[in-house]
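Chains as they are written, first to last, in the numbering used here: chain B, 129 to 539; chain F, 129 to 539.
Honestly, I wouldn't trust all of these hints.
Intra- or inter-copy, both count: the list cannot distinguish identical chains.
[Unchecked claim] In silico DMTMM-like cross-links for lysine to aspartate or glutamate, where the CA-CA straight-line distance does not exceed 25 Å: (1) Lys343 x Asp371; (2) Lys426 x Glu457; (3) Lys311 x Glu167; (4) Lys379 x Glu238; (5) Lys343 x Glu295; (6) Lys311 x Asp513; (7) Lys426 x Asp371; (8) Lys309 x Asp431; (9) Lys416 x Glu444.
Read the hints as simulated data drawn from the structure, not as lab findings.
This structure is a prediction, so every number in the text was calculated from the model and none was measured.
2 protein chains.
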Amino acid sequence: MFLAMACPAAQAPAVPDVARIVGSAQFREAKAFIRGDHERFVRELIALTEIPAPPFKEERRARAYLAMLEQHGLTDVERDEEGNVMGVRRGTGGGPMLAVLAHLDTVFPEGTSVKVRREGTRLLAPGVGDDTRGLALMLSIIRAMNAATFTTRADILFVGNVGEEGEGDLRGVKYLLRKGKYKDRIKQVIAIDGGEQGSITRGGVGSKRYRVAFKGPGGHSYGAFGLVNPAYAMAAAIARFSDVQVPASPKTTFNVGVVTGGTSVNSIPSAVSMDVDMRSESCAELAKVDAAFLAIVKSAVADENRARSTREGRIEADPTVIGERPCGETPMEAPILKTTAAVVQAFGLKPSYGFSSTDSNIPMSMGIPALTIGRGPGGRSHSPDEWTDVAPAGVAQSVEVALAIVLAVAG
Amino acid sequence: MFLAMACPAAQAPAVPDVARIVGSAQFREAKAFIRGDHERFVRELIALTEIPAPPFKEERRARAYLAMLEQHGLTDVERDEEGNVMGVRRGTGGGPMLAVLAHLDTVFPEGTSVKVRREGTRLLAPGVGDDTRGLALMLSIIRAMNAATFTTRADILFVGNVGEEGEGDLRGVKYLLRKGKYKDRIKQVIAIDGGEQGSITRGGVGSKRYRVAFKGPGGHSYGAFGLVNPAYAMAAAIARFSDVQVPASPKTTFNVGVVTGGTSVNSIPSAVSMDVDMRSESCAELAKVDAAFLAIVKSAVADENRARSTREGRIEADPTVIGERPCGETPMEAPILKTTAAVVQAFGLKPSYGFSSTDSNIPMSMGIPALTIGRGPGGRSHSPDEWTDVAPAGVAQSVEVALAIVLAVAG
Numbered sequence: 129m130f131l132a133m134a135c136p137a138a139q140a141p142a143v144p145d146v147a148r149i150v151g152s153a154q155f156r157e158a159k160a161f162i163r164g165d166h167e168r169f170v171r172e173l174i175a176l177t178e179i180p181a182p183p184f185k186e187e188r189r190a191r192a193y194l195a196m197l198e199q200h201g202l203t204d205v206e207r208d209e210e211g212n213v214m215g216v217r218r219g220t221g222g223g224p225m226l227a228v229l230a231h232l233d234t235v236f237p238e239g240t241s242v243k244v245r246r247e248g249t250r251l252l253a254p255g256v257g258d259d260t261r262g263l264a265l266m267l268s269i270i271r272a273m274n275a276a277t278f279t280t281r282a283d284i285l286f287v288g289n290v291g292e293e294g295e296g297d298l299r300g301v302k303y304l305l306r307k308g309k310y311k312d313r314i315k316q317v318i319a320i321d322g323g324e325q326g327s328i329t330r331g332g333v334g335s336k337r338y339r340v341a342f343k344g345p346g347g348h349s350y351g352a353f354g355l356v357n358p359a360y361a362m363a364a365a366i367a368r369f370s371d372v373q374v375p376a377s378p379k380t381t382f383n384v385g386v387v388t389g390g391t392s393v394n395s396i397p398s399a400v401s402m403d404v405d406m407r408s409e410s411c412a413e414l415a416k417v418d419a420a421f422l423a424i425v426k427s428a429v430a431d432e433n434r435a436r437s438t439r440e441g442r443i444e445a446d447p448t449v450i451g452e453r454p455c456g457e458t459p460m461e462a463p464i465l466k467t468t469a470a471v472v473q474a475f476g477l478k479p480s481y482g483f484s485s486t487d488s489n490i491p492m493s494m495g496i497p498a499l500t501i502g503r504g505p506g507g508r509s510h511s512p513d514e515w516t517d518v519a520p521a522g523v524a525q526s527v528e529v530a531l532a533i534v535l536a537v538a539g
Numbered sequence: 129m130f131l132a133m134a135c136p137a138a139q140a141p142a143v144p145d146v147a148r149i150v151g152s153a154q155f156r157e158a159k160a161f162i163r164g165d166h167e168r169f170v171r172e173l174i175a176l177t178e179i180p181a182p183p184f185k186e187e188r189r190a191r192a193y194l195a196m197l198e199q200h201g202l203t204d205v206e207r208d209e210e211g212n213v214m215g216v217r218r219g220t221g222g223g224p225m226l227a228v229l230a231h232l233d234t235v236f237p238e239g240t241s242v243k244v245r246r247e248g249t250r251l252l253a254p255g256v257g258d259d260t261r262g263l264a265l266m267l268s269i270i271r272a273m274n275a276a277t278f279t280t281r282a283d284i285l286f287v288g289n290v291g292e293e294g295e296g297d298l299r300g301v302k303y304l305l306r307k308g309k310y311k312d313r314i315k316q317v318i319a320i321d322g323g324e325q326g327s328i329t330r331g332g333v334g335s336k337r338y339r340v341a342f343k344g345p346g347g348h349s350y351g352a353f354g355l356v357n358p359a360y361a362m363a364a365a366i367a368r369f370s371d372v373q374v375p376a377s378p379k380t381t382f383n384v385g386v387v388t389g390g391t392s393v394n395s396i397p398s399a400v401s402m403d404v405d406m407r408s409e410s411c412a413e414l415a416k417v418d419a420a421f422l423a424i425v426k427s428a429v430a431d432e433n434r435a436r437s438t439r440e441g442r443i444e445a446d447p448t449v450i451g452e453r454p455c456g457e458t459p460m461e462a463p464i465l466k467t468t469a470a471v472v473q474a475f476g477l478k479p480s481y482g483f484s485s486t487d488s489n490i491p492m493s494m495g496i497p498a499l500t501i502g503r504g505p506g507g508r509s510h511s512p513d514e515w516t517d518v519a520p521a522g523v524a525q526s527v528e529v530a531l532a533i534v535l536a537v538a539g
């Protein structure tokens with residue numbers, strides 16, 4: 129008992145008998161329901177896809193999703209201050225609360241046409257897969273649980289969350305786990321946001337993003353020649369940064385994605401800036417490349433201030449964090465991972481384990497067992513020709529696998 | 129006669145009696161007028177400064193200046209096809225036409241706040257000095273000539289011209305002297321565009337300007353990490369270019385003035401570019417730094433193609449000439465120069481001779497006697513905190529010196 133309190137992971141159930149769950153009469157009943165629920169799944173997927181949800185502008189879709197959640201017999205259906213919508217499916221008690229997430233936002237800016245086209249069994253539209261299919265899947269799961277009258281030990285919090293993509297910077301899940309009313313209750317997280325069925329994201333690729341402004345006095349290119357030039361400091365920083373060595377494994381990357389600045393060809397710029405992205409599967413490697421980058425910026429600035437005149441002012445650089453996704457990892461031996469893998473295998477699929485940057489980054493970074501599972505067949509995410517396949521058998525499998533994972537993890 | 133035809137400079141009048149002009153009762157009358165005209169000068173300077181005139185977008189200011197010229201008793205007040213605005217003050221005949229220029233354009237891009245601030249005797253705003261003070265000065269000169277009923281032998285063409293700065297590439301004066309209706313008549317040029325009073329630009333600093341686009345395949349910052357990045361090639365080029373040694377005399381300079389490119393922080397850019405300016409008082413030194421620059425771009429591109437993967441495509445750089453200002457020089461013994469120096473000395477100032485890149489480059493390169501004179505006290509040209517001093521005594525001196533130069537040169 130004492131040990132269990134000191135190490136909450138020990139309280140987690142051992143890997144449950146997945147075969148028993150999937151083979152049960154109740155699960156067969158759920159499967160029959162899911163097949164009959166197909167048209168509704170497709171209808172809801174289209175309806176949600178066609179409500180634009182650009183980063184920071186998810187509200188319309190969030191309200192529509194909230195209204196859908198309200199029809200699913202959940203309690204405490206609500207929208208939190210960050211914009212996440214959610215509801216609880218009460219358990220019988222005794223299990224650690226499981227949060228199931230799908231994200232509301234897409235990468236596509238306002239004004240993008242989100243009209244869904246159908247080609248055979250494919251639906252095509254920006255965002256139709258990532259992650260609108262996840263949202264629709266979640267509704268089907270809840271309906272199947274209700275239809276087959278499943279009970280779980282754990283309370284399950286179903287969440288349509290904001291801010292997963294880009295500059296959203298995981299703001300929805302950050303709020304949920306750091307500030308929201310369930311922050312101390314959520315002990316396990318499953319995000320439905322992966323690509324292929326069977327893919328399990330067990331590690332959160334961490335990222336750090338900066339916008340670095342280099343500023344100086346500026347001046348006339350000829351008359352003030354010899355003054356410090358912030359473009360030279362930035363160029364030196366980029367050139368040195370490009371030489372930094374990072375490991376191929378754990379995969380670690382960096383990028384200078386945007387450069388901008390200056391007034392005219394014959395003016396020494398008074399300001400230039402660059403946007404930089406660094407990522408790693410390893411927190412230690414991310415911290416290393418981050419520290420190297422900041423040191424390089426500092427030395428490049430110092431060198432420029434030494435190389436040219438500072439009589440009108442010095443070069444200064446001001447690295448501002450514009451994105452930070454903590455890294456984290458759910459160990460291979462974690463019950464949530466072993467359970468999920470067992471379910472995937474029970475459906476005759478081969479689990480594949482990967483690292484990515486998803487909502488699971490946040491719980492993983494906090495030591496909360498978490499993973500991201502696949503939402504089923506699709507492709508071209510983040511591109512205008514994004515698609516998802518809604519052949520009935522494939523949809524049914526997507527719902528069944530996710531349902532079985534949720535049931536097995538919630539106990 | 130034959131000699132005079134073969135060498136038109138010999139037709140120029142000998143240095144006139146400057147002391148007589150400056151000491152005349154008529155000039156005293158002009159001085160009194162100029163003092164009384166101070167408020168109008170300041171008002172017009174502010175009004176013109178607050179009409180944005182970015183390169184290639186001088187039209188609004190040009191039309192306003194045209195309207196001002198129309199109130200000054202000139203003939204043939206018009207706007208030419210290039211956008212220059214001008215009017216003629218008829219002479220008594222016999223003198224070679226003198227063109228007096230001030231340029232309409234500033235270096236500042238659209239959207240720059242051009243609201244004028246006042247601090248003591250200083251006016252602060254982008255472009256308030258360069259060359260808006262020149263434009264305002266020209267109006268005061270014409271008014272003073274009219275008030276004191278000065279006549280000159282030569283016709284004087286007063287021009288507010290476009291395209292002096294940056295990418296404008298002297299397009300206004302090029303048109304005026306190579307294509308405009310006065311191209312065969314203009315035999316002397318005075319540009320009001322220098323800095324301090326008494327400074328005489330007698331040499332046209334040559335310049336070469338490039339926009340260099342660096343292009344590559346682009347890709348996802350994480351997924352495609354390891355591909356060549358055009359921002360790295362450009363940064364290496366800039367960093368190496370910043371190390372190039374140029375002589376202090378003949379003055380030779382270089383500048384990277386604008387950098388831009390990239391789609392998003394998490395994309396490897398498919399294209400970035402930079403705008404580069406090189407200048408020299410010496411055509412040979414200009415050719416040297418130009419060759420060094422092109423070699424550096426080439427080596428930086430080759431190094432990036434070696435440093436990272438080119439499996440999706442190689443980096444290529446494409447230096448495009450966006451400006452080329454011919455060098456030229458008005459000899460120390462040229463009458464226009466000796467006359468101007470004599471006027472400066474008559475005001476108790478010490479003439480200083482310099483080389484610069486101004487509208488005078490074009491006449492100088494064509495063998496037309498030309499120089500650029502100061503517009504008076506100010507500083508920080510081409511920077512957001514540009515200022516000009518409008519203490520009444522200083523303004524009066526600016527107008528008087530310029531007026532006396534125009535009178536002496538126009539004969």
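Identical-chain pair category, Lys379 with Glu238, by Cα at 25 Å = For Lys379 and Glu238, the Cα distance exceeds 25 Å both inside one copy (32 Å) and across copies (44 Å).
Intra/inter-copy verdict for Lys311 and Glu167 if alpha-carbon distance must be at most 25 Å | This pair counts as neither: shortest intra-copy Cα distance 36 Å, inter-copy 68 Å.
Intra- versus inter-subunit Cα pairing at 25 Å for Lys426 with Asp371 | both (16 Å within a copy, 19 Å between copies)
When no copy is specified for Lys343 and Asp371, does a C-alpha distance of 25 Å or less occur within a copy, between copies, both, or neither?
-> Both: 24 Å inside a chain and 20 Å across chains, each within 25 Å.
Given a CA cutoff of 25 Å, do Lys426 and Glu457 count as a within-copy pair, a between-copy pair, both, or neither?
-> neither (32 Å within a copy, 44 Å between copies)
Homomeric proximity label, Lys309 with Asp431: Cα distance no greater than 25 Å | neither (50 Å within a copy, 53 Å between copies)
Are the CA atoms of Lys416 and Glu444 at most 25 Å apart within a copy, between copies, both, or neither?
-> within (23 Å within a copy, 31 Å between copies)
Tell me, please, which holds for Lys311 and Asp513 at an alpha-carbon limit of 25 Å: within, between, both or neither?
-> The answer is neither: 37 Å in one copy and 50 Å across copies each exceed 25 Å.
Is it within, between, both or neither when you check Lys343 against Glu295 at 25 Å Cα-Cα?
-> both (22 Å within a copy, 23 Å between copies)
The structure fails to meet hints 2, 3, 4, 6, 8 from the earlier list, while all remaining hints are met.
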